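Q: Listed below are the residues making up each chain.
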Amino acid sequence: MDWILDFYNYRVVAQYLPEFARGLGSTAWISLLALAMSLVIGTIAAIMRMSPNPLLWRIAAGYVQAIRSTPLLIQIYLIYFTLPALPLLDRRLDELEGGIIALGLNAGAYMSEIIRAGIESISRGQVEGAMSVGMTYPQRMRYVVLPQAFARVAPPLLGQTAVLIKDSALVSFIGVFELFGAGLVILNERLMPNEAFLTVAACYLAIYTVMLSVTGYAQRRLGGAAA
Amino acid sequence: MSSQTPIVVVKDICKTFKIRGRPPVHALKNVTNHVDKGEVLVVIGPSGSGKSTFLRALNGLEPIDSGSIVIDGVELTSPKTNLNRLRQEVGMVFQHFNLFEHKTALENITMPQMVVLKRSRGEANEVGRRLLDRVGIGDKEDSYPSELSGGQQQRVAIARSLAMTPKVMLFDEVTSALDPETVGGVLDLMKELAADGTTMVVVTHEMGFAREAADRVTFMDFGEIIEEGTPEGVFDNPQHERTQLFLSQIL
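Here the protein sequences come in this chain order: L and H. Residue 115 in this note's numbering sits at position 115 of the first sequence; the count goes up by one each step and never skips. Residue 218 in this note's numbering sits at position 218 of the second sequence; the count goes up by one each step and never skips.
Be careful, since some hints might not be right.
Claimed, not checked - Which chain L residues face chain H? A few, computed with CB under 7 Å, are given here: (1) I44; (2) G125; (3) E128; (4) S132; (5) V133; (6) G134; (7) Q139; (8) Y143; (9) P147; (10) G223.
What the hints assert, rightly or not - Far from chain L, by Cβ distances over 10 Å, these chain H residues were calculated: (11) T5; (12) N59; (13) G73; (14) N84; (15) H102; (16) S149; (17) A157; (18) E173; (19) P180; (20) V183; (21) L189; (22) G233; (23) R242; (24) Q249.
Read the hints as simulated data drawn from the structure, not as lab findings. Computed from a predicted structure; not experimentally measured. Beta carbons are placed, not taken as given, at the ideal position from N, Cα and C, and that holds for glycine.
Please work from the sequences and hints to get the whole structure.
A: Now the structure itself:
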């Protein structure tokens, strides 16, 4: 059984458990905040994209195109280094803020396209039913259209969330300590890539598994019997 | 009943559907009509006659090109009118129910009350349960629309409308999508509502219902009102050729 210790020295991994725990917590926290941000931005962008007002839908379309056509790593650098250079903020963003904002903006563009597909899949009859009892546009969206739209596109949203969580490794490039960073610690101090990255990969898998069950629950809550 | 001011006054309304590459369709041509308080107006006519467009115009779901619609003194077509506010007073039941698929039968009735009328959950539940009992499906409050038959869904839809205590109820071919065995029950429920003094405008192909429940019958064809009168008058002694042709085809 010695080969196992050669291939993957779990005793060393155990020594670095605090680093991995801190990295896991950090990745989960960054992803959660970026996810929340991306869902809010995605919903707003999706609604703007469907607006008859050309100014609104052009802004939303431009945002989606800009995000889709540039690498995330560059977006992260732009948010972290370039955005504070504009005379908008009177302070620098710290790494964590910059990373979360960049990830949220990036995922928001992809989320908005998914959410738009969900909204467009809700039949006109649902909207007319809501109109017939006197619900206003925001009420129709909030209580009738969006819950059903989100339930319907929960699987692709989940897929995009998985991408977001994995992409969060890139914020280590602006110095945020997270899961990937924890792996780098073992790599640098012990020169043990297996221990570093198998462990990191297992942690990402664990996050994904938790997320799967949460999504199933949310889908049932939003979608009623149909979902 | 026609001594008081009508609840609905429709004057000279026109509506043209323009579809690119095809000749425009004149769905409504100078239609004038009214509905008194407590009256049941039944609109009949062949497919494409404009009767559904007429009905949908009454709560602004179908914007009209010209003319005026006044609901209980409020001018529907005026830009100053809050359409959402007005729709609270004009209930509508659809051919395909349009129940909220993600809500249970009871929630379908309580949610609009809480959101639009700002009723408390307790009050909305009380109204909802009473109405579900009234439409005969009090035991189905926790069922989702997908778990109910067409007839049951339509009963929920009627209850959802009634919960808003509308001044007038619009019924748009509400039995056309139902299985034959559930049609009678829904029509009976509508007759009960009519007997209770509900002001109703009913677009239907159910001539038996029209004859029994209507105070007045309007026959429409090609976007125009061709003939109107009492059910006896229209059904037993139609004056216009097109009415006669239509009735001979369907009766």
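Q: Now tell me, hint by hint, if it's right for this structure.
A: Status of each hint after checking the structure:
no., hint, in the structure
1, I44, "violated (21 Å)"
2, G125, "holds (4 Å)"
3, E128, "holds (6 Å)"
4, S132, "holds (4 Å)"
5, V133, "holds (4 Å)"
6, G134, "holds (4 Å)"
7, Q139, "holds (5 Å)"
8, Y143, "holds (6 Å)"
9, P147, "holds (5 Å)"
10, G223, "holds (5 Å)"
11, T5, "holds (23 Å)"
12, N59, "violated (6 Å)"
13, G73, "holds (17 Å)"
14, N84, "violated (5 Å)"
15, H102, "violated (4 Å)"
16, S149, "holds (14 Å)"
17, A157, "violated (8 Å)"
18, E173, "holds (13 Å)"
19, P180, "holds (22 Å)"
20, V183, "holds (20 Å)"
21, L189, "holds (18 Å)"
22, G233, "holds (32 Å)"
23, R242, "holds (30 Å)"
24, Q249, "holds (29 Å)"
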